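Visitor: So the chains spell out like this:
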Amino acid sequence: MATATLIETTFRDAIHKCIDEEMERNPDVFVLGEDIGRYEGTFKVTKGLWPKYGEKRVIDTPIVEPGFTGIAIGAAMTGLRPIVEMMTMSFSILALDQIINHAAKVHYMTGGQAKVPMVVRGPGGAAKQLSAQHSHSMEGWYAHCPGLKVVAPATVEDAYGMLKTAIWDDNPVIFTENPGLYTIKGTIPDDKDFSVPFGKAQILHEGTDISLVGYSRMTQVNLAVAEELSKEGISAEVVDVRSLLPLDTDTIFASVAKTHRAVVVYEDWRSGGFGAEIAQRISEDCFDDLDAPVLRVGGLNVPMPYARVLELECIPDVKDVLEKVRRIL
Amino acid sequence: MAKSANLEHPQTPAQLEEFYRQMVFIRRFEEKCNLAYRQGKAGGYLHVYIGMEATAIGWNAALKPGWDYVITAYRDHAQPLLMGADPVKVMAEIMGRQGGYSHGKGGSMHIYDIEHNFYGGWGIVGGHVAMGAGLAFAAKYREEDRVAVCYLGDGASNAGVFFETLNMASLWDLPVIFVIENNEFAMGTRLEYHASDTHLYKRGEPFGIKSERVDGMDLFTTLEDAKRIVDWVRTNQRPYLVEVMNYRFAGHGAADNDRQLYRTKEEEDENMKRDPLARLRKYLVDKKICSDEKLEAVEEEISDQVEKIYEAADASPFPDPHEVYDHVYSDMAPEAGH
Ligand SMILES: Cc1ncc(C[n+]2csc(CCOP(=O)(O)OP(=O)(O)O)c2C)c(N)n1
Ligand SMILES: [Mg+2]
Numbered sequence: 001m002a003t004a005t006l007i008e009t010t011f012r013d014a015i016h017k018c019i020d021e022e023m024e025r026n027p028d029v030f031v032l033g034e035d036i037g038r039y040e041g042t043f044k045v046t047k048g049l050w051p052k053y054g055e056k057r058v059i060d061t062p063i064v065e066p067g068f069t070g071i072a073i074g075a076a077m078t079g080l081r082p083i084v085e086m087m088t089m090s091f092s093i094l095a096l097d098q099i100i101n102h103a104a105k106v107h108y109m110t111g112g113q114a115k116v117p118m119v120v121r122g123p124g125g126a127a128k129q130l131s132a133q134h135s136h137s138m139e140g141w142y143a144h145c146p147g148l149k150v151v152a153p154a155t156v157e158d159a160y161g162m163l164k165t166a167i168w169d170d171n172p173v174i175f176t177e178n179p180g181l182y183t184i185k186g187t188i189p190d191d192k193d194f195s196v197p198f199g200k201a202q203i204l205h206e207g208t209d210i211s212l213v214g215y216s217r218m219t220q221v222n223l224a225v226a227e228e229l230s231k232e233g234i235s236a237e238v239v240d241v242r243s244l245l246p247l248d249t250d251t252i253f254a255s256v257a258k259t260h261r262a263v264v265v266y267e268d269w270r271s272g273g274f275g276a277e278i279a280q281r282i283s284e285d286c287f288d289d290l291d292a293p294v295l296r297v298g299g300l301n302v303p304m305p306y307a308r309v310l311e312l313e314c315i316p317d318v319k320d321v322l323e324k325v326r327r328i329l
Numbered sequence: 001m002a003k004s005a006n007l008e009h010p011q012t013p014a015q016l017e018e019f020y021r022q023m024v025f026i027r028r029f030e031e032k033c034n035l036a037y038r039q040g041k042a043g044g045y046l047h048v049y050i051g052m053e054a055t056a057i058g059w060n061a062a063l064k065p066g067w068d069y070v071i072t073a074y075r076d077h078a079q080p081l082l083m084g085a086d087p088v089k090v091m092a093e094i095m096g097r098q099g100g101y102s103h104g105k106g107g108s109m110h111i112y113d114i115e116h117n118f119y120g121g122w123g124i125v126g127g128h129v130a131m132g133a134g135l136a137f138a139a140k141y142r143e144e145d146r147v148a149v150c151y152l153g154d155g156a157s158n159a160g161v162f163f164e165t166l167n168m169a170s171l172w173d174l175p176v177i178f179v180i181e182n183n184e185f186a187m188g189t190r191l192e193y194h195a196s197d198t199h200l201y202k203r204g205e206p207f208g209i210k211s212e213r214v215d216g217m218d219l220f221t222t223l224e225d226a227k228r229i230v231d232w233v234r235t236n237q238r239p240y241l242v243e244v245m246n247y248r249f250a251g252h253g254a255a256d257n258d259r260q261l262y263r264t265k266e267e268e269d270e271n272m273k274r275d276p277l278a279r280l281r282k283y284l285v286d287k288k289i290c291s292d293e294k295l296e297a298v299e300e301e302i303s304d305q306v307e308k309i310y311e312a313a314d315a316s317p318f319p320d321p322h323e324v325y326d327h328v329y330s331d332m333a334p335e336a337g338h
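Chains as they are written, first to last, in the numbering used here: chain A, 1 to 329; chain B, 1 to 338.
Just chain A, with the same shape it has in the complex:
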C-alpha cells in the first residue's frame, strides 16, 4: 500500500477534520453541545459544521450537561452515534451520573443487548487562569470506571486517528483534549480511513536511562524534559500512554525493562490520580527491573487558583519533572 501524503495541520483542525469526515461518511453521526453551532464552539473546534450539516446534526443545546448527555445515550442505545461536546470537561462533572451510572453500564446491564456508541469530548485540564471550577483533568476519574474507554492524545496525528477510532467504537468513549494542545502543529495522513487504535502506547523519544510516562499535554512536557536531559548526556525515553482505558502496559513495561527507572507525569491532582495507577502497575510488574522507586509528578492537591503565579505552581512543568528525575538518577 502506498503511504498517504501528509497534511500539516493543528490539533484543533485535526479534530475538526475528523468529525467532519465522519459526519460526511455516516449519517448516524451527529454532534451536540453548548454553543457549538451558530457560535462555532468556544474553542472553535466545530466551526463550519453547522452551516454545512444544519441544526439537525449540529445541535446547540441548553446548558444542561446531564440532560443532553442522557439524550445522547438514549439515541446511542438505538444505534445513532452522537459526539457530545463538553464546553469544558469540568462541566462533564454535572453529567457524571449519566456517563458513569448509565452509559458505562448499559452493555453489561442489558446482557449485551444494547450498546452506547457515543463519544464525549472536549477540552480537559487547565487552560489559563480559568480557576477552580473550570480547570479539572477528568480523564483519570473516568479511567476508574469499567465500561468506559478513555483516551488522551498528545499529538496532532493521535488527535485525528484516535478520534476516528472513538467515533467508530461501539462503547462510550471519553476523549479529552488539553486546551494547551489546540494550537500545536503536526501532520496527519491524507487518508479518511486512517486511525490509531486504543490500548497502544507509543515511544515518542527513545532513551536508555529513564522512562518518562505520561499522556495528553504532559507528554509534551516530557518531550521537553527529554530534550533538557539530553543536553546533560542523559537519555530519557518518553512513553506516551495516550490510551488510559484500555491501558497498554506492555509498551510501558518494555520501556522500564530497558531503562530501569520511571517517572509518571499527570496534570490531575496528584493524590489518587491515574498516574498513581500506572506507577503501581510498574511497581508490581517490573519490580526486578527497577533500580529505583517509581516516582510520580502530579498536579498540586489544591483547587486550581486564579492568579497565574499560583496556577503555574499547580500544573506540573519541566522543572517539576526534572526534580523528580534527579532524585532517582
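Simulated from the structure, these hints should not be mistaken for laboratory data.
If you're wondering where the values come from, they're calculated on a predicted model, not measured in any experiment.
Careful: at least some of the hints might be erroneous.
[As the list claims (entries may be wrong)] Derived coverage of chain A by chain B (criterion: at least 3 residues anywhere in the stretch with Cβ under 8 angstroms from a Cβ of chain B; other residues may be distant):
1. 49-63
2. 125-132
3. 185-192
4. 297-303
5. 306-315
Note that CB positions come from ideal geometry on N, CA and C, so glycine has one too.
Since chain A is already given, all that's left is putting chain B with the ligands on it; use the hints.
Guide: Relative to chain A, chain B with the ligands alone:
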C-alpha cells in the same frame, strides 16, 4: 420627606443622585476591568454587567444592608460593590492579587464578601441556585426575617437543579427570590434557541410560586418591583420568581469578540436606547434635579475614584507561591508537592 412637585417618582433628589453615582461607578469600574483585561492585567474569564446595572441597583435598594443575602453567578462585580464591598479588594481579586477578597485565588468570576452577605461568585451555570435557596433555608431555620436574592441567567434557568430548587423552595416555604436576569442570551445562544417557552417566569408557576416578568432596565420600575416583592417575601415567608428583562451591551465575557455570530449591530443599537445610565441621566437633567455640569463633575469625580482604586489594587503584590496551600481546609493543610 420633601419631594419636588415635578417628580414622577417617590425618590428624593438626594436619593436619585446617589443612584446615579452608583450606576456611573459600576459602569466605570467595569470599563476599567475590561481595559485591565485587554492590557493583560486581568485574565481568565471576565464578564461585565454593563447595560444591566439598573437591575442590581434597584434590587439592592430594596434589601436590608448587612441582613439580607445575595448570591449570583460569575457576572458578579456589581452586587458586592453595591453591598458595601471594598472596591480595591474587588479590583485586586480581578487582577489576581494578594489584596483581593480571595487573595487572588478566585478572579473575576469568584468574588465573595461574606461580611456583607454577598455569597458569590460562581462559575458552574445553575450550580449556585440551590445554594441560594440554602441561604434562605438558614434564615428560616434561625427564625430570622432575612430574605435571599438569588440571581441567575436565562441560560441557567434551564438547569435541572433550578427546577429541583423551585420545588423545594415552595415545599419548604423558603424566603428566596429567584431573579432570572433574562438578557436574551446564554453566551452565544439566543433565548429562542435554548428555551422551549421563552416566558421564563412561568417556570415558577407549576410549583405554586408567585411569578412575574418585569423590565430590568428601567431603574424606577425596578425600584418599585423590588421593594414590593422583597416586602412580600419577608412578610409571607414564601419564595418568589421574577424574570427581569435586561440586556448586556458587551460580549458574553471579555474573551467574546464574536457578537456578530449571534446578534446584529441594529439589534444592539436598538437595545442601547434602553441604556439605564443614559436614561437616568436624561431624567435628572430634564427634571432639573441635577444640572448637566453637576453630573459631569460627578462623572469626573467617579472616574478619578476608579483610577485610584485601580492603582491601589495594582499596588497589591501577587500572591506568594506558598499561599497556594492556604484555605483548602479550615483546619489543616493539604498534602504538599507534586
Ligand atoms: C455547567 C456549565 N456549563 C457551561 C458553562 C459555560 N458557560 C458559562 S456562562 C454560559 C452562558 C450562561 O448564560 P446565562 O445563564 O443566560 O447568563 P449570562 O451570561 O447571560 O449572564 C455558559 C454556557 C458553565 N460555566 N457551566
Ligand atoms: Mg443570559
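Visitor: Each of the hints needs a verdict: does it hold here or not?
Guide: So, going through the hints one by one against the coordinates:
Only residues whose beta carbon comes within less than 8 angstroms of a beta carbon in chain B count, and the segment 49-63 of chain A has 4; three or more means the coverage holds. As drawn, the segment 125-132 of chain A meets chain B at 5 residues by the rule of a beta-carbon pair under 8 angstroms; at three or more, the given contact holds. Counting residues of the segment 185-192 of chain A whose beta-carbon sits less than 8 angstroms from any beta-carbon of chain B gives 0, not enough to reach three: the coverage restraint is violated. Counting residues of the segment 297-303 of chain A whose beta-carbon sits less than 8 angstroms from any beta-carbon of chain B gives 7, enough to reach three: the coverage restraint holds.
Given as covered by chain B, the segment 306-315 of chain A passes the check, having 7 residues with a CB less than 8 angstroms from a CB of that chain where 3 are the minimum.
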